[in-house]
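Asks: The residues making up each chain are set out below.
2 protein chains.
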Amino acid sequence: MKAKWLVITTCFSVSCLFGQVQFRVNPARIEQRILALAEFGKSATGNQRVAFSDADVKGRAYVISLMKEASLSVRIDAAGNIIGRREGKNAALPPIMFGSHIDCVPNGGSYDGNVGVIGALECAQVLHENKVLILHPLEVVVFSDEEGGLIGSRAMIGMLSNEAMNVMSHSGKSVRDGIKFIGGNPDKIKGAARKKGDLKAFLELHIEQGGTLEAEKVDIGVVEGIVGIKWWNVDIEGFSNHAGTTPMDKRQDALVAAARYVLAVNNVMTRMPGRHVGTVGRISAEPGALNVIPGRVNTGLEIRDLSEKTIDRLFGMVLDDVKDIEQETKTRFTFALVEPTSEPAPTDERVRSLIEASAKELRLTSKRMPSGAGHDAQDMTHLAPTGMIFVPSVGGISHSPKEFTKRDDIANGTNVLLRTILRIDEIQ
Amino acid sequence: MKAKWLVITTCFSVSCLFGQVQFRVNPARIEQRILALAEFGKSATGNQRVAFSDADVKGRAYVISLMKEASLSVRIDAAGNIIGRREGKNAALPPIMFGSHIDCVPNGGSYDGNVGVIGALECAQVLHENKVLILHPLEVVVFSDEEGGLIGSRAMIGMLSNEAMNVMSHSGKSVRDGIKFIGGNPDKIKGAARKKGDLKAFLELHIEQGGTLEAEKVDIGVVEGIVGIKWWNVDIEGFSNHAGTTPMDKRQDALVAAARYVLAVNNVMTRMPGRHVGTVGRISAEPGALNVIPGRVNTGLEIRDLSEKTIDRLFGMVLDDVKDIEQETKTRFTFALVEPTSEPAPTDERVRSLIEASAKELRLTSKRMPSGAGHDAQDMTHLAPTGMIFVPSVGGISHSPKEFTKRDDIANGTNVLLRTILRIDEIQ
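Chains Z and G, in that order, are what the protein sequence lines are.
For the first sequence, our numbering gives the first residue as 1, with consecutive numbering after it.
For the second sequence, our numbering gives the first residue as 1, with consecutive numbering after it.
Pulled out of the complex, with its shape left as it was, chain Z reads as follows:
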């Protein structure tokens, strides 16, 4: 692949034409389409367009109609991914793929996934309306069941297992039945797989789902990669005793130890510089009565970073603190790594540079950053040079009906996506 990626920095061909013509995406149309898509699955507590639901089917039909409006030829692969293709000048070249997903979490919002899909369709629409013919074929993709475990992209990289298809989805159907329900063919799931080299590149536009871009007033996030994730199950053993008869200095209170642990995790993550995050998301105490000193606490740990080494180093720092806590509270901690964890998925350095150059050309500010959340793009890094473009999320809110991204920010991201596609097209 590398030989094909001699980046041309001089202005010529479509990019030049593009620069001259200055055609841009249509912010009002994007907004109107996002709002229209949000109608499918709308409820008082958020959007319920979970994968494989009736609302999902309706949303997909709407998206297919938009593909047809952009003169894309539509097909649904064995995994239920919708693929809208536009031919290029050279049929021998591999397609540039871009897109995202339209399924959401229960009580979800209107921007996660949708911005990337409507943005991708806008790019296709603009090229169609301006009758721009580029070298490479283009494929707009709408991945199936992203929120259920990157199902569509997992199938596209040939790694969707039978076990994963037996899992129950939020729709109440198994993933297998769900794929069938949206027009895929789970019995021929291997047919959805692409080989390394089949695609020229993959691009995904997405809302940040964090508050960094908004807080720092930056227009575009250039995603360096999707962070790796490790999970641990944590057991803390103290000694359960009568809360009335056991003096304070005679206790082996597992919850007091747990409290020190939660603060130690927070402290380790905060005191080491970097963009890693560490979270204790669940906790329970046994026996769990107000009048009994907890003898046992079950809790957890999640650490995310772009570097697995950093994750392991942070975990080591937590363990160091835990040694002191064990001694001082007379308790014992056990950490068990929970499988499966996600490996860090770095994006392609050359694609990052092209996204940055596109932003600069559009006079937009940009910032390199990790994606703390998982995305279909992380699967696609296995298949093709991959890039991700983030746009600001107001208040950093995501997976919530309160999630919101401004019209201009979405338009900025879509313009960057379009220019990056064209820049990639120029690369021999």
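Be a bit skeptical, because a hint or two may be false.
Any copy will do: because identical chains look the same in the list, a pair fits if it lies in one copy or spans two.
Unchecked claim - Each computed EDC-like pair below joins lysine to aspartate or glutamate, with the alpha-carbon atoms no more than 16 Å apart: (1) K180 <-> E308; (2) K188 <-> D177; (3) K250 <-> E214; (4) K309 <-> D235; (5) K250 <-> E216; (6) K323 <-> E237; (7) K68 <-> E129; (8) K367 <-> E286; (9) K406 <-> D198; (10) K180 <-> D54; (11) K406 <-> E31; (12) K190 <-> E163; (13) K217 <-> E237; (14) K196 <-> D348.
Worth flagging that the hints you see were computed from the coordinates, not collected in a lab.
The hints should help you fit chain G onto chain Z, whose structure is shown.
Replies: Coordinates of chain G only, in the frame set by chain Z:
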């Protein structure tokens, strides 16, 4: 009552006889009876003689047989309490009552309650064998369902409500059906009530259930009262967000706030001198997933002390710390008092002095202390001058098959009980 309590300090009458004859309780017999009682409900994970179970009925039958061996006349009151009576010289005098309970918690031990019952029976047995006739009638009581909420003693003070009788007990029967099952009459529950003045005094021998006496090598605990208990339900509201995309410094993590709260409670209880205790016994985080920052934590608080003022002061100190935690973690705490809470139930100062004098006479060391646990004695303080005698618990373990009190310590406590009964009998 006070007029009747002119304490005679000179040696005369039975006490004098007692001092001369030096008759004592039989440690081997007490031990053998405790072990025999422990057979009813025995299991691999502890004793299962919960109130109203078949094992409870068998244990009660055994205890009744011991009452008869001591020539007590046995009756079962409307609440299922077993009362074994021994007449005194003066039938017009109110009886001195003493005893405890034989029901246990699920997976319980062999000493909680049983020591007080077998000890009380030993006192009756010794008086019977030595043909000692004292002035007051004596009543040995075995209260029903102590562990389920002091059911028997509550009925004896006329405060067992219909609601309390509708509660399901550990036996799988309602308290109402349970009382019927052991020979009581829930329809005539008021018949179990005694009036203030009906009893000369009430005494209960019990294991400490804490580790203070053992640690300080003290033979006898002179209980100053049963502590008051207040419970709070505590809600902590932060903001739930994506654990991957929300930087550490942008979080409103309710579990981090909860961790600081748990340590603040521990710190307040430890830094203020006194014998109060404070415990956080349960906790849960919402949504409770490893990959989501907890937006809400539900937890609790229990504070116990002999003085309600101290409880309120400690709670105020916790609230002061919580104000800082709220500000620094951007969370909001809500405390809701949980009804019913127990008021402190002080024992009678004159009875405490008699217990101390009895211990001294037997060359036993003693220490005044609160009872951190609830006991039938706390109800009885409403009815009669009440005293409680504690004996050491090895390791302070209670409500566990590991609970253990040494034979000699039980014998010491029983000797103190016997001498205190005789001292009370001397009081005009």
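Asks: Against each hint, give a clear statement of whether it holds in the structure.
Replies: Outcome of the hint check:
no.	hint	result
1	K180 <-> E308	neither (37 Å within a copy, 66 Å between copies)
2	K188 <-> D177	within (13 Å within a copy, 63 Å between copies)
3	K250 <-> E214	between (50 Å within a copy, 12 Å between copies)
4	K309 <-> D235	neither (24 Å within a copy, 38 Å between copies)
5	K250 <-> E216	between (50 Å within a copy, 13 Å between copies)
6	K323 <-> E237	within (13 Å within a copy, 30 Å between copies)
7	K68 <-> E129	within (13 Å within a copy, 105 Å between copies)
8	K367 <-> E286	neither (46 Å within a copy, 33 Å between copies)
9	K406 <-> D198	neither (35 Å within a copy, 79 Å between copies)
10	K180 <-> D54	within (13 Å within a copy, 57 Å between copies)
11	K406 <-> E31	within (9 Å within a copy, 79 Å between copies)
12	K190 <-> E163	within (14 Å within a copy, 64 Å between copies)
13	K217 <-> E237	neither (46 Å within a copy, 28 Å between copies)
14	K196 <-> D348	within (14 Å within a copy, 86 Å between copies)
Checked against the numbered hints above, the structure violates hints 1, 4, 8, 9 and 13; every other hint is satisfied.
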